[in-house]
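Protein chains in written order, with this note's numbering: chain A, 52 to 303; chain B, 52 to 303.
Careful: at least some of the hints might be erroneous.
[Unchecked claim] Calculated pairs, SDA-like style, for lysine to any residue (alpha carbon to alpha carbon, straight line, at most 20 Å): (1) A:Lys60 to A:Glu99; (2) A:Lys199 to B:Lys173; (3) A:Lys196 to B:Lys173; (4) B:Lys199 to A:Glu99; (5) B:Lys146 to A:Leu198; (6) B:Lys196 to A:Val90; (7) B:Lys299 to B:Tyr251; (8) B:Lys196 to A:Lys129; (9) B:Lys83 to A:Glu99; (10) A:Lys146 to A:Lys129; (11) A:Lys129 to A:Thr96; (12) A:Lys146 to B:Thr242; (13) A:Lys146 to B:Arg244; (14) B:Lys83 to A:Gly226; (15) B:Lys146 to A:Ile170; (16) B:Lys199 to A:Met52; (17) A:Lys199 to B:Lys299; (18) B:Lys95 to B:Val79; (19) B:Lys299 to B:Ser195; (20) B:Lys199 to A:Lys129; (21) B:Lys146 to A:Lys60; (22) A:Lys196 to B:Arg244; (23) B:Lys146 to A:Phe193; (24) B:Lys173 to A:Lys60.
Hints listed in this document are in silico derivations from the structure and should not be mistaken for laboratory results. A quick note: this is a predicted structure, and the numbers were derived from the prediction, not measured.
2 protein chains.
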Amino acid sequence: MEDKYQFAKELVLDAGEFLRQHLEDELVIEEKGHFTDLVTQLDKTVQENLTAKIMERYPTDRILGEESLEHLPLGQGKVWVIDPIDGTTNFIVQKADFAVLVAYFEDGLGQFGLIYDVIEDKLYHGGGQFPVYENDRLLPPFQSKSLKEGLIGLNAGLYAQNYAGLGDMADHTLGTRSIGSAGISFAHVLTGRLLAQASYIYPWDYAAASILGEKLGYTMMTTSGKKPAFYGREYIIFAPTEKINEIKRYLR
Amino acid sequence: MEDKYQFAKELVLDAGEFLRQHLEDELVIEEKGHFTDLVTQLDKTVQENLTAKIMERYPTDRILGEESLEHLPLGQGKVWVIDPIDGTTNFIVQKADFAVLVAYFEDGLGQFGLIYDVIEDKLYHGGGQFPVYENDRLLPPFQSKSLKEGLIGLNAGLYAQNYAGLGDMADHTLGTRSIGSAGISFAHVLTGRLLAQASYIYPWDYAAASILGEKLGYTMMTTSGKKPAFYGREYIIFAPTEKINEIKRYLR
């Protein structure tokens with residue numbers, strides 16, 4: 052597993068370097084259904100590059116990715132879950148706050164996860180048998196704090212709808228933040244910047260963080276308190292395990 | 052003015068360095084009215100340091116600051132407007148996304164503004180007779196784009212209330228972002244990361260950006276389309292001047 056983990060880290064860092072080099076490229080932007088749901092040729096290129104490299108090295112592994120049509124069951128075999136650009140709108144508009152996400156599972160068990168904040172050059176990596184780091188800094192497990200001492204990652208739409216009581220929960224904290232990349236927001240939960248992050252997202256958005264979080268005392272769950280299905284889009288919250296009961300008081 | 056501008060840049064960079072050195076200090080946190088409106092001993096210390104240095108060098112100038120009780124008329128004399136830590140909650144909780152803000156006026160006319168994103172080590176500076184820079188990078192004037200190609204800085208509360216129609220406006224863009232520092236968000240408007248930023252804020256929060264923005268084609272106004280009073284708390288929007296008419300269609 053050590054070799055595969057090293058391979059994955061290089062894979063993700065290389066993808067980030069590629070994106071930094073192509074930051075000023077003219078973008079071909081397509082809408083996926085709604086005018087705010089965008090994809091560029093670089094999402095596709097990076098997805099293809101990641102897939103080709105994984106397939107070359109591990110030809111019998113399988114891949115679940117944002118820009119692929121395949122939706123595999125995660126429960127069996129060796130499965131990579133990849134998101135070439137998490138936060139595509141930020142990539143297009145801000146040229147910042149986007150990430151490359153990779154997670155690796157064997158028979159449904161997370162082996163390692165990687166979140167690479169490309170512009171900040173911060174790689175969050177570890178999980179399974181590996182300790183969790185931000186670059187070379189070992190991350191400690193969750194440092195206890197109360198809800199009213201913390202910030203919640205939550206976008207304005209979910210707050211306004213008060214979806215599943217997330218708005219009520221946020222009103223019992225110091226407030227909400229929204230940066231437009233679930234992956235980076237999850238990383239900010241891992242470092243303690245955010246107490247929790249809630250989003251309406253797909254498996255490739257939360258797979259890496261769920262593996263990283265397990266090592267440090269965080270739980271990835273649906274807003275109804277279930278284990279995520281790792282299939283289709285769901286309302287997901289990532290929070291310290293010891294805070295789950297308190298959070299559930301506000302959720303419905 | 053060149054001397055005063057150089058002095059101000061050093062002042063702000065030194066304040067940022069001081070905050071970086073004291074990032075791990077134990078904080079004495081006080082609530083100012085509501086449990087989410089916080090101030091620390093470091094806000095006060097930095098305010099005092101800035102004030103002392105300005106008074107030593109320019110004894111007859113006057114100072115309007117977040118942590119001072121004085122509320123001066125800006126229209127006359129030499130006035131410094133300072134915010135020692137913009138984004139105090141971020142400073143406490145995230146140890147990131149906070150800024151030191153300084154603006155300087157003579158007889159009501161902005162001479163220069165400074166926004167220092169302390170952790171990113173990015174100093175946005177210029178205005179009046181000085182070109183606007185992010186560190187050593189000259190910032191271009193607003194590059195035209197449509198509302199639906201842009202992101203709006205707006206917190207979840209204002210979006211949910213749809214205050215003054217800000218939510219309606221945001222729904223005609225690619226979405227909202229909220230990082231919890233008006234100063235840094237305004238800087239992100241200046242660099243084109245955000246198309247506009249709206250907040251319910253005080254003069255020390257928007258003074259520096261208003262001066263910087265004038266040089267690059269941006270307007271600071273109230274949500275009712277008036278010039279800010281530079282007195283008390285107001286609903287403020289900072290946007291490209293050429294977009295104001297389009298934005299006003301959504302505001303009420």
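Here's how the hints hold up against the structure:
1. A:Lys60 to A:Glu99: With a Cα-Cα distance of about 17 Å, the restraint between lysine 60 of chain A and glutamate 99 of chain A holds, given a limit of 20 Å.
2. A:Lys199 to B:Lys173: violated (30 Å)
3. A:Lys196 to B:Lys173: violated (30 Å)
4. B:Lys199 to A:Glu99: violated (29 Å)
5. B:Lys146 to A:Leu198: holds (18 Å)
6. B:Lys196 to A:Val90: holds (18 Å)
7. B:Lys299 to B:Tyr251: Holds, at about 17 Å.
8. B:Lys196 to A:Lys129: violated (45 Å)
9. B:Lys83 to A:Glu99: violated (53 Å)
10. A:Lys146 to A:Lys129: Cα-Cα ~33 Å, so violated.
11. A:Lys129 to A:Thr96: Cα-Cα ~23 Å, so violated.
12. A:Lys146 to B:Thr242: Satisfied, since the Cα-Cα distance of roughly 11 Å is no more than 20 Å.
13. A:Lys146 to B:Arg244: OK: lysine 146 of chain A and arginine 244 of chain B at ~8 Å, within 20 Å.
14. B:Lys83 to A:Gly226: holds (15 Å)
15. B:Lys146 to A:Ile170: Holds, because 18 Å separates the two Cα atoms, which is no more than 20 Å.
16. B:Lys199 to A:Met52: Status violated; Cα separation ~45 Å.
17. A:Lys199 to B:Lys299: Since the Cα atoms of lysine 199 of chain A and lysine 299 of chain B sit roughly 36 Å apart, the hinted pair is violated (cutoff 20 Å).
18. B:Lys95 to B:Val79: holds (11 Å)
19. B:Lys299 to B:Ser195: With Cα atoms ~17 Å apart, lysine 299 of chain B and serine 195 of chain B stay inside 20 Å; holds.
20. B:Lys199 to A:Lys129: violated (41 Å)
21. B:Lys146 to A:Lys60: violated (27 Å)
22. A:Lys196 to B:Arg244: violated (33 Å)
23. B:Lys146 to A:Phe193: Holds: lysine 146 of chain B and phenylalanine 193 of chain A sit about 16 Å apart, inside 20 Å.
24. B:Lys173 to A:Lys60: It is violated: about 29 Å lies between the C-alpha atoms, which goes past 20 Å.
This entry does not satisfy hints 2, 3, 4, 8, 9, 10, 11, 16, 17, 20, 21, 22, 24, going by the numbered hints stated previously.
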